[in-house]
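Chemist: Chain order of the listed sequences is A and U.
First residue of the first sequence? That's 1 in UniProt numbering, and the numbers climb one at a time after it.
First residue of the second sequence? That's 1 in UniProt numbering, and the numbers climb one at a time after it.
No wet-lab data here; the hints were simulated from the structure.
Treat the hints loosely; a few may be bogus.
Okay, derived cross-link-like pairs now, DSSO-like style, lysine-lysine, Cα gap no bigger than 27 angstroms in a straight line [stated by the list, open to error]:
hint: 1; chain 1: A; residue 1: Lys115; chain 2: A; residue 2: Lys224
hint: 2; chain 1: A; residue 1: Lys36; chain 2: A; residue 2: Lys224
hint: 3; chain 1: U; residue 1: Lys199; chain 2: A; residue 2: Lys143
hint: 4; chain 1: A; residue 1: Lys115; chain 2: A; residue 2: Lys35
hint: 5; chain 1: A; residue 1: Lys224; chain 2: U; residue 2: Lys2
hint: 6; chain 1: U; residue 1: Lys199; chain 2: U; residue 2: Lys237
hint: 7; chain 1: A; residue 1: Lys143; chain 2: A; residue 2: Lys36
hint: 8; chain 1: A; residue 1: Lys115; chain 2: U; residue 2: Lys237
hint: 9; chain 1: A; residue 1: Lys224; chain 2: U; residue 2: Lys199
hint: 10; chain 1: A; residue 1: Lys36; chain 2: A; residue 2: Lys115
hint: 11; chain 1: A; residue 1: Lys224; chain 2: A; residue 2: Lys35
Just so it is clear, the structure is predicted and the values come from calculations on it, not from any experiment.
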Amino acid sequence: MTTPRAGCAIDAEGRITFALPAGHGHGLLLRLRPKKGQPEETLHVLDLDSVGEGRAQAVLGAEPVLAEGRWDVYLLDGDERTRLRPGPRDLRALVDGHLRERRGPLAVRVPYVTKDGYLAVRTWLRPAHAEADRVDITGGTLKVAARLHGASPLDGAEVRLRLRRGEGTLRTVEPLVAEDGRSFSFTVDDATLDIGIWDLFVRPAAGAPMIRLARLLDDVADRKHVHVYPGATAGELVVRPYYTVDNDLSLEVTRAG
Amino acid sequence: MKISFLLHNAYAIGGTITTTFNLAQALAERHEVEIVSVLRHRELPNFVLDPRVSLRPLVDLRQERDHPLHQRPARVFPRSEYRYGQYSELTDHRIAEALATIEADAVIGTRPGLNVHLAGQAPPHVARVGQEHLTLDNHSPRLRTALRRAYRGLDVLTTVTEADAAAYRRRMRLPGVRVEALPNSVPDPVLPAADGSAKVVVAAGRLVPVKRYDLLVEAFAAVAAEHPDWQLRIYGKGEEQDRLRRLITDLGLWNNVFLMGAAAPMEAEWVKGSIGAATSDFEPFGMTIVEAMRCGLPVVSTDCPHGPAEIIADRVDGRLVPVGDRDALAAALLELVGDDELRRRMSRAAQENARRFAPGPVVEQAERLITEAVSARRAGRRVVRQRQGGTLTARGSAARDTALIAASGALRLVRKGRP
Numbered sequence: 001m002t003t004p005r006a007g008c009a010i011d012a013e014g015r016i017t018f019a020l021p022a023g024h025g026h027g028l029l030l031r032l033r034p035k036k037g038q039p040e041e042t043l044h045v046l047d048l049d050s051v052g053e054g055r056a057q058a059v060l061g062a063e064p065v066l067a068e069g070r071w072d073v074y075l076l077d078g079d080e081r082t083r084l085r086p087g088p089r090d091l092r093a094l095v096d097g098h099l100r101e102r103r104g105p106l107a108v109r110v111p112y113v114t115k116d117g118y119l120a121v122r123t124w125l126r127p128a129h130a131e132a133d134r135v136d137i138t139g140g141t142l143k144v145a146a147r148l149h150g151a152s153p154l155d156g157a158e159v160r161l162r163l164r165r166g167e168g169t170l171r172t173v174e175p176l177v178a179e180d181g182r183s184f185s186f187t188v189d190d191a192t193l194d195i196g197i198w199d200l201f202v203r204p205a206a207g208a209p210m211i212r213l214a215r216l217l218d219d220v221a222d223r224k225h226v227h228v229y230p231g232a233t234a235g236e237l238v239v240r241p242y243y244t245v246d247n248d249l250s251l252e253v254t255r256a257g
Numbered sequence: 001m002k003i004s005f006l007l008h009n010a011y012a013i014g015g016t017i018t019t020t021f022n023l024a025q026a027l028a029e030r031h032e033v034e035i036v037s038v039l040r041h042r043e044l045p046n047f048v049l050d051p052r053v054s055l056r057p058l059v060d061l062r063q064e065r066d067h068p069l070h071q072r073p074a075r076v077f078p079r080s081e082y083r084y085g086q087y088s089e090l091t092d093h094r095i096a097e098a099l100a101t102i103e104a105d106a107v108i109g110t111r112p113g114l115n116v117h118l119a120g121q122a123p124p125h126v127a128r129v130g131q132e133h134l135t136l137d138n139h140s141p142r143l144r145t146a147l148r149r150a151y152r153g154l155d156v157l158t159t160v161t162e163a164d165a166a167a168y169r170r171r172m173r174l175p176g177v178r179v180e181a182l183p184n185s186v187p188d189p190v191l192p193a194a195d196g197s198a199k200v201v202v203a204a205g206r207l208v209p210v211k212r213y214d215l216l217v218e219a220f221a222a223v224a225a226e227h228p229d230w231q232l233r234i235y236g237k238g239e240e241q242d243r244l245r246r247l248i249t250d251l252g253l254w255n256n257v258f259l260m261g262a263a264a265p266m267e268a269e270w271v272k273g274s275i276g277a278a279t280s281d282f283e284p285f286g287m288t289i290v291e292a293m294r295c296g297l298p299v300v301s302t303d304c305p306h307g308p309a310e311i312i313a314d315r316v317d318g319r320l321v322p323v324g325d326r327d328a329l330a331a332a333l334l335e336l337v338g339d340d341e342l343r344r345r346m347s348r349a350a351q352e353n354a355r356r357f358a359p360g361p362v363v364e365q366a367e368r369l370i371t372e373a374v375s376a377r378r379a380g381r382r383v384v385r386q387r388q389g390g391t392l393t394a395r396g397s398a399a400r401d402t403a404l405i406a407a408s409g410a411l412r413l414v415r416k417g418r419p
């Protein structure tokens, strides 16, 4: 027989209720997808309880904090485990998630459907977080707005661009910080950036750890091809912001023309 | 009864597939139902099919794409049909064979070319119900001429709007055939309806020129300018994707307008929004409008032929604006975006009014039509006994189509003759 589909609903606190037809096993297993060639290590089991009307539910509470990654969802029945296909995913509580203040560590969960059609949960776990917001491009100038969550207010903050595989090549930009010390913006119009990928961080204060800029606080698990920006042309260079496969914000610098 | 649907490709995404699945599943409550899918290109359908409905593919493209007969053009499936390129001698054979051996009391065809197979090849005891999910006015004169002959072999012909049913009665002489509008049905939503608070406008459909998403993006520029915290999400994929992306970039709307990719089913996406948008130049029915309304979204739609005006009551449960009018579209969106109370009121009206497209009433009508056709077949008579009116108009239409075909043929000759 075919595997039942599991619907799910998530609330603003990240609590996920999985629902499926009753009589299909005793629990759900969430498994952190291991890196290629690695054994699976991190598992999480949820009880599946009948809730009447032929439905069964399993609840993943706001605790535990899940490690960052992709969690596959399996149905447990005796010793058997079967990967679940998705039913409706009610993620509406996540859509305006960027408007709520978060504490650190920041744990985010977004149920999604894998490319091959199975139910999975995308998770992020960051000690602190800088949520990317508007990106404005006027001529050669790129302006990025963001908001800090889970860290002390910005005080003497620096935005840092770090060249990937660049052996520590850094550029520093001073952000414009709002009165609350949380919202900030910065501009990039540097015609001397090296060609390559630059990852974006904010360092809230002198000596504080760097915080990655990313966009995690809505319902979009994979935004690389959804939030797409054009490039800003600065001199000979085109600087194009983009979201990585992990929804982190980076700059792709290429030669114009 | 045993009922079989004949469908182009049950494994793809589209309004006809959704509505066929919906109707098949609802009929399966009381009948034995199967869907015969002419083509198959993947393991599972995009939409979950009720296990009571069986699914039977005829040509599996994963193995048979290179079949010698599939390289030869179709002869039964009409050349003038939109999907002619996907049909072949192989589909001709398989469909004919499936119909000759079918164990159903009634077969329901779901597109013009398949209705032609059905009308000409179903065994005499099998009732033949042809469904038109497109519209007569939009068919080419050549296709209309092919159907004018073939559709006489049907027992029932259903269209999705009253307007289209009227066109068939006026322009086609189909003696003995019951012609009736049977709207698409949309199942009861499983998720709670949208509450009107989300600052999201949602549209869904294939990204093709007729859907006019370019107009929607342009109109949304006015919304984003006044309400920068609102976003437009367009779900679907298609040939217009790159052009729409460029338009979003040119208008500087990348913070507000998003091409979300395909989503099926759409229900969980509709409920994230509070306004639906449909901007087609032409829409045979408007399935997504009904889906959005059933999820509690008032829909701003162009008043294009034929569907939207038969679904939306302007200013009651949504808005109808002139076709291709960007400013009217923007104004209607702005009015709803700027007025929370209006949006909530229309949301409630949309849910209430869209209930007439619930499977219940639609399935009852379908059941009645099928039963009527089956009993007529059993009694060896036509479904409609009296002569239908409009014969003179129909003759005129037939003559006009023949003239149009001759003219286009002559034009081709003239063009050919040029150096």
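Chemist: Taking each numbered hint in turn, which are not upheld by the structure, reported in ascending numerical order?
Modeler: When the structure is compared with the hints, numbers 5 and 7 turn out to be violated.
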